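S.K.: Here is what each chain is made of, one letter per residue.
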Amino acid sequence: GAVVSQHPSWVICKSGTSVKIECRSLDFQATTMFWYRQFPKQSLMLMATSNEGSKATYEQGVEKDKFLINHASLTLSTLTVTSAHPEDSSFYICSESSGSYNEQFFGPGTRLTVL
Amino acid sequence: RKEVEQDPGPFNVPEGATVAFNCTYSNSASQSFFWYRQDCRKEPKLLMSVYSSGNEDGRFTAQLNRASQYISLLIRDSKLSDSATYLCVVDTGTASKLTFGTGTRLQVTL
Chain A
1 GAVVSQHPSW VICKSGTSVK IECRSLDFQA TTMFWYRQFP KQSLMLMATS
51 NEGSKATYEQ GVEKDKFLIN HASLTLSTLT VTSAHPEDSS FYICSESSGS
101 YNEQFFGPGT RLTVL
Chain B
1 RKEVEQDPGP FNVPEGATVA FNCTYSNSAS QSFFWYRQDC RKEPKLLMSV
51 YSSGNEDGRF TAQLNRASQY ISLLIRDSKL SDSATYLCVV DTGTASKLTF
101 GTGTRLQVTL
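The listed protein sequences derive, respectively, from chains A and B. So for the first sequence, my numbering puts the first residue at 1; every next one is plus one. So for the second sequence, my numbering puts the first residue at 1; every next one is plus one.
To be clear, the hints were calculated from the coordinates, so they are not data collected in a lab. Mixed in with the good hints there might be a few duds.
[Unchecked claim] DSS-like cross-link-like pairs, simulated, lysine-lysine; straight-line CA separation at most 27 Å:
hint : chain 1 : residue 1 : chain 2 : residue 2
1    : B       : Lys79     : B       : Lys2
2    : B       : Lys45     : A       : Lys20
3    : B       : Lys79     : A       : Lys64
4    : A       : Lys41     : A       : Lys14
5    : A       : Lys66     : B       : Lys42
6    : B       : Lys79     : A       : Lys55
[Claimed, not checked] Among chain B residues calculated to face chain A with C-beta under 10 Å, some are:
hint : residue
7    : Pro8
8    : Pro14
9    : Glu43
10   : Val89
Model, not experiment: these values are computed from the prediction. Glycine is no exception: its CB is placed at the ideal position from the N, C-alpha and C atoms.
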């Protein structure tokens with residue numbers, strides 16, 4: 001499967017600060033990447049679809065002004081959590097869909113803790 | 001009704017046992033089906049895609065019943081290293097998006 005990296009792997013920040021998470025596709029030029037969030041003991045929830053060179057598509061209930069997505073190249077998508085609050089603490093994971101059957105391959109995730 | 005439903009478990013089985021997981025999905029337009037494995041505090045990893053005719057990969061067998069909108073995963077000769085959460089994943093029918101079940105936790109013991 002495809003190789004996807006994420007940085008940082010974990011981050012702790014104070015309430016009100018912004019945090020940027022990078023997702024890189026290392027062996028595939030990804031026109032589309034996906035951002036998910038997973039709270040403890042819950043399933044992955046799709047937040048948005050990141051489209052290279054155009055605006056991201058957000059899922060219902062996800063604030064686009066709070067979760068800024070930029071996909072400026074075929075190998076890099078970034079998610080910025082603006083003015084983070086404790087309720088934003090979660091496991092953020094990106095993926096890309098290079099499989100022939102629509103399967104997705106995930107980055108290692110970023111664990112965000114907002115104090 | 002949830003889009004993808006799974007028994008959360010946990011399933012506690014001894015090494016060498018055979019264990020089966022079931023999953024139902026609600027979107028009849030779904031075309032792609034997968035089982036992913038997720039270890040604690042890690043990302044999901046693709047275990048196998050599920051094809052209409054059913055498919056096998058070593059000790060793992062996946063089955064799909066479109067009429068009943070039901071997917072299964074059978075693990076034979078369980079190993080300690082199989083301990084993980086198994087996620088049933090189904091495409092939404094639009095734009096390559098996937099929907100994840102909450103997962104079934106498996107614990108294989110000595």
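S.K.: Hints first: check each against the structure and report whether it holds.
M.R.: Hints versus structure:
no. : hint                   : verdict
1   : Lys79(B) with Lys2(B)  : 31 Å, violated
2   : Lys45(B) with Lys20(A) : 24 Å, holds
3   : Lys79(B) with Lys64(A) : 44 Å, violated
4   : Lys41(A) with Lys14(A) : 24 Å, holds
5   : Lys66(A) with Lys42(B) : 25 Å, holds
6   : Lys79(B) with Lys55(A) : 45 Å, violated
7   : Pro8                   : 9 Å, holds
8   : Pro14                  : 25 Å, violated
9   : Glu43                  : 4 Å, holds
10  : Val89                  : 8 Å, holds
Hints 1, 3, 6, 8 from the earlier list are contradicted by this structure; the remaining hints agree with it.
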